[in-house]
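Undergrad: Construct the entire structure; sequences and hints are all you get.
Heads up: the sequence shown begins at 1 in my numbering, then just goes up one per residue.
Treat the hints as calculated values from the structure; they're not laboratory data.
Because the structure is a prediction, the values reported are computed rather than measured.
Possibly wrong hints are sitting among the right ones.
Once the Cα atoms are required to be at most 27 Å apart in a straight line, the calculated DSS-like pairs of lysine-lysine come out as [as the list claims (entries may be wrong)]:
1. Lys171 - Lys64
2. Lys150 - Lys64
3. Lys64 - Lys101
4. Lys101 - Lys171
5. Lys51 - Lys150
6. Lys101 - Lys51
7. Lys51 - Lys64
8. Lys51 - Lys171
9. Lys101 - Lys150
10. Lys171 - Lys150
What follows is a set of in silico ranges between Cβ atoms, one per label pair, in the way DEER data are often shown [stated by the list, open to error]:
11. Gly159 - Glu109: 21 to 27 Å
12. Ile244 - Pro223: 35 to 41 Å
13. Phe75 - Asn52: 29 to 35 Å
14. Tyr126 - Asp67: 34 to 40 Å
15. Phe134 - Lys101: 33 to 39 Å
Each residue gets a CB set at the ideal place from its N, CA and C atoms; glycine is no exception.
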Amino acid sequence: MTGRLSWALAAAVALGSAGASAQEVATYSAPTGLEVTVGLGFQAGAGYVYKNGQRLDRTVGDVKLSDAANGAVPFLVELGYRVTPNWFVGAYGSYSYILSKENPYSCFEGWECSASQIRFGPQVQYHFSPTASFDPFVGVGFGMVILDNKNSGPTQVQGPNGPLTANLELKSQTRGPEFVNVTVGGKWRLGHSLSFGPYLTGTYARYTTRSGDTTLALPAPLPTTTTPLGFAEDGPYGLIMLGIRGSWNI
Numbered sequence: 001m002t003g004r005l006s007w008a009l010a011a012a013v014a015l016g017s018a019g020a021s022a023q024e025v026a027t028y029s030a031p032t033g034l035e036v037t038v039g040l041g042f043q044a045g046a047g048y049v050y051k052n053g054q055r056l057d058r059t060v061g062d063v064k065l066s067d068a069a070n071g072a073v074p075f076l077v078e079l080g081y082r083v084t085p086n087w088f089v090g091a092y093g094s095y096s097y098i099l100s101k102e103n104p105y106s107c108f109e110g111w112e113c114s115a116s117q118i119r120f121g122p123q124v125q126y127h128f129s130p131t132a133s134f135d136p137f138v139g140v141g142f143g144m145v146i147l148d149n150k151n152s153g154p155t156q157v158q159g160p161n162g163p164l165t166a167n168l169e170l171k172s173q174t175r176g177p178e179f180v181n182v183t184v185g186g187k188w189r190l191g192h193s194l195s196f197g198p199y200l201t202g203t204y205a206r207y208t209t210r211s212g213d214t215t216l217a218l219p220a221p222l223p224t225t226t227t228p229l230g231f232a233e234d235g236p237y238g239l240i241m242l243g244i245r246g247s248w249n250i
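TA: Structure, rendered in structure tokens:
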């Protein structure tokens, strides 16, 4: 009788273990299908907005990313498809709120200055451990970048009867290709379809097209004049983005 009871207990334990293993496999089954990712981080850069162009102080020279900004806060969105558990193919987009700073070339002291950047393009990722509780990955992509600026404030000009205080507004859009971006990161599984983790992205890009104008508003009844921005050489630069991201497998 004791032997039969022991065999029954052993069988119950074995069945319980098998059920737990099956539940674990189901919980961490390999993800496939549509995948949506959102992220938030901090962005820093090095390089140029443009080179050898006319600056706000009426000199000709370079404007570096470090001259005009203290970094940026990027909001990331990715949409694509897990073709296999390891491979993701899709598109990325990001909007960065740039932390503008006062400088002698584009944002004088006491001015109101704002800037934002949009990045978008295709991307492919490889996930090394798609069924594990932590899944490291690497991604590669390329695309386009659009930088919008609007800076305005008071300035001194020479009027018919002496110096005058006028309002000067500069609006510009600078565009160019992002030749490559590389992302490394990892995801902790929070359930069957949700994951969360850190990411680090590095890019190399170049601003190649600059358009916009400056508007000088003199005190009434003097006229307001608008002048297009002058020529500037391309601005090569690189960005680093560090943040967190969450994904949802549909």
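Undergrad: Hint by hint, say whether it matches the structure.
TA: The hints, checked one at a time:
{"no.": "1", "hint": "Lys171 - Lys64", "verdict": "17 Å, holds"}
{"no.": "2", "hint": "Lys150 - Lys64", "verdict": "17 Å, holds"}
{"no.": "3", "hint": "Lys64 - Lys101", "verdict": "12 Å, holds"}
{"no.": "4", "hint": "Lys101 - Lys171", "verdict": "16 Å, holds"}
{"no.": "5", "hint": "Lys51 - Lys150", "verdict": "19 Å, holds"}
{"no.": "6", "hint": "Lys101 - Lys51", "verdict": "19 Å, holds"}
{"no.": "7", "hint": "Lys51 - Lys64", "verdict": "8 Å, holds"}
{"no.": "8", "hint": "Lys51 - Lys171", "verdict": "18 Å, holds"}
{"no.": "9", "hint": "Lys101 - Lys150", "verdict": "13 Å, holds"}
{"no.": "10", "hint": "Lys171 - Lys150", "verdict": "5 Å, holds"}
{"no.": "11", "hint": "Gly159 - Glu109: 21 to 27 Å", "verdict": "22 Å, holds"}
{"no.": "12", "hint": "Ile244 - Pro223: 35 to 41 Å", "verdict": "52 Å, violated"}
{"no.": "13", "hint": "Phe75 - Asn52: 29 to 35 Å", "verdict": "33 Å, holds"}
{"no.": "14", "hint": "Tyr126 - Asp67: 34 to 40 Å", "verdict": "37 Å, holds"}
{"no.": "15", "hint": "Phe134 - Lys101: 33 to 39 Å", "verdict": "38 Å, holds"}
Of the numbered hints listed earlier, the single one contradicted by the structure is hint 12.
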